[in-house]
Amino acid sequence: ILNVEQSPQSLHVQEGDSTNFTCSFPSSNFYALHWYRWETAKSPEALFVMTLNGDEKKKGRISATLNTKEGYSYLYIKGSQPEDSATYLCACPGYGGSQGNLIFGKGTKLSVKP
Amino acid sequence: DVKVTQSSRYLVKRTGEKVFLECVQDMDHENMFWYRQDPGLGLRLIYFSYDVKMKEKGDIPEGYSVSREKKERFSLILESASTNQTSMYLCASSFDFNQPQHFGDGTRLSIL
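Just so you know, the sequences run in chain order A and B. Heads up, the first sequence is in the numbering used here, so the first residue is 45 and it goes up one at a time. Heads up, the second sequence is in the numbering used here, so the first residue is 154 and it goes up one at a time.
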């Protein structure tokens with residue numbers, strides 16, 4: 045079974061700090077890497093889907109990079125705001141990835157203090 | 154706009170009851186999924202379906218079954234509810250692994 049690891053488990057930062065966290069996955073048989081943001085009392089929301097080694101994606105103050113050869117992705121948040129407080133999940137397609145099922149990491153819970 | 158709708162936000166049932174959780178998507182997606190989320194365990198896949206009447210077991214299928222009679226609807230069935238099935242259940246759909254999954258708002262199920 046594919047194992048997706050995220051670190052750290054939780055993170056507490058002050059408003060205005062920039063932060064980053066890591067998603068690790070097996071580098072063999074790579075299909076895609078997904079990032080989601082999950083705010084309390086809401087449903088998970090897709091941030092990025094990345095497929096190419098070296099790819100970088102950006103959405104506002106949030107960006108992500110991908111290294112498929114070494115099996116990791118970084119998510120960066122520049123100038124964190126209280127509304128960025130959420131759990132950030134990464135995921136990879138499981139065995140037989142053509143069917144779209146994802147294996148999720150346990151997430152990084154970000155708390156941004158005003 | 155993309156929409157995945159779960160039938161209930163909160164549900165309370167008794168041990169031994171047969172429980173149905175319904176999910177409907179309006180995006181004509183091939184793939185649909187049921188997850189449960191528990192503290193410290195993250196999102197775990199129960200079952201998924203990649204076509205009408207097709208289903209595949211996820212990581213934790215025991216005690217559950219699913220039904221997909223129409224493309225837009227994917228039902229999760231707890232055959233005989235037990236207290237260890239108290240959890241948050243999330244439904245999702247997607248076009249394929251290169252496309253993001255779209256989630257419903259979740260059903261918080263309590264089994265007493």
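Possibly wrong hints are sitting among the right ones.
[What the hints assert, rightly or not] 27 Å max Cα-Cα, derived BS3-like pairs, lysine-lysine: (1) K206(B) with K150(A); (2) K156(B) with K153(A); (3) K122(A) with K153(A); (4) K210(B) with K171(B); (5) K156(B) with K101(A); (6) K171(B) with K224(B); (7) K156(B) with K150(A); (8) K86(A) with K166(B); (9) K223(B) with K150(A); (10) K86(A) with K150(A); (11) K224(B) with K86(A); (12) K122(A) with K103(A); (13) K206(B) with K156(B); (14) K103(A) with K156(B); (15) K153(A) with K103(A); (16) K153(A) with K101(A); (17) K223(B) with K208(B); (18) K210(B) with K156(B); (19) K157(A) with K102(A); (20) K102(A) with K156(B); (21) K86(A) with K101(A); (22) K224(B) with K210(B); (23) K113(A) with K86(A); (24) K86(A) with K156(B).
[Stated by the list, open to error] Listed next, with one range per pair, are the computed distances between beta-carbon atoms: (25) G169(B) with S62(A): 48 to 58 Å; (26) D181(B) with K122(A): 45 to 55 Å; (27) S220(B) with E59(A): 38 to 48 Å; (28) D204(B) with T95(A): 35 to 45 Å; (29) S71(A) with N251(B): 38 to 48 Å; (30) Q125(A) with D258(B): 15 to 25 Å; (31) G193(B) with T66(A): 17 to 27 Å; (32) E222(B) with E83(A): 25 to 35 Å.
Note that these hints are calculated values from the structure, not bench results. From the three backbone atoms N, C-alpha and C, an ideal C-beta is built for every residue, glycine too.
- Message: Next pair to validate is K206(B) with K156(B); report whether the Cα-Cα distance is within 27 Å.
- Response: holds (22 Å)
- 27 Å Cα cutoff - pair K103(A), K156(B): Status holds; Cα separation ~22 Å.
- Measure nothing beyond the straight line between the CA atoms of K171(B) and K224(B); if it is 27 Å or shorter, mark the hint as holding. Distance ~23 Å between K171(B) and K224(B) Cα, so the pair holds.
- Verify the proposed pairing of K224(B) with K210(B), using a straight-line Cα cut of 27 Å. OK: K224(B) and K210(B) at ~18 Å, within 27 Å.
- Query: Does the Cβ distance between G193(B) and T66(A) fall inside 17 to 27 Å?
  - Reply: holds (19 Å)
- Query: Within a Cα-Cα threshold of 27 Å, do K223(B) and K208(B) meet the stated pairing?
  - Reply: holds (13 Å)
- Message: Taking 15 to 25 Å as the stated bounds, is the beta-carbon spacing between Q125(A) and D258(B) within them?
- Response: Cβ of Q125(A) to Cβ of D258(B): about 24 Å, so the range 15 to 25 Å holds.
- Query: When you check the alpha-carbon spacing of K113(A) and K86(A), does it fall within 27 Å?
  - Reply: Answer violated: K113(A) to K86(A) is near 34 Å, above 27 Å.
- Query: Are K156(B) and K150(A) close enough, with their CA atoms no more than 27 Å apart?
  - Reply: Holds - the C-alpha atoms of K150(A) and K156(B) are around 25 Å apart, at most 27 Å.
- Message: Just to be careful, I want the Cα atoms of K153(A) and K101(A) compared with a cutoff of 27 Å; is the pair within it?
- Response: The given pair, whose Cα atoms are some 21 Å apart, holds under the 27 Å limit.
- Take a quick look at whether K210(B) and K171(B) sit within 27 Å of each other, Cα to Cα. holds (19 Å)
- Query: Has the given pair, K122(A) with K153(A), been kept, meaning a C-alpha gap of at most 27 Å?
  - Reply: holds (16 Å)
Consistency note: the structure conflicts with the earlier hints numbered 1, 9, 23, 26, 28 and 29.
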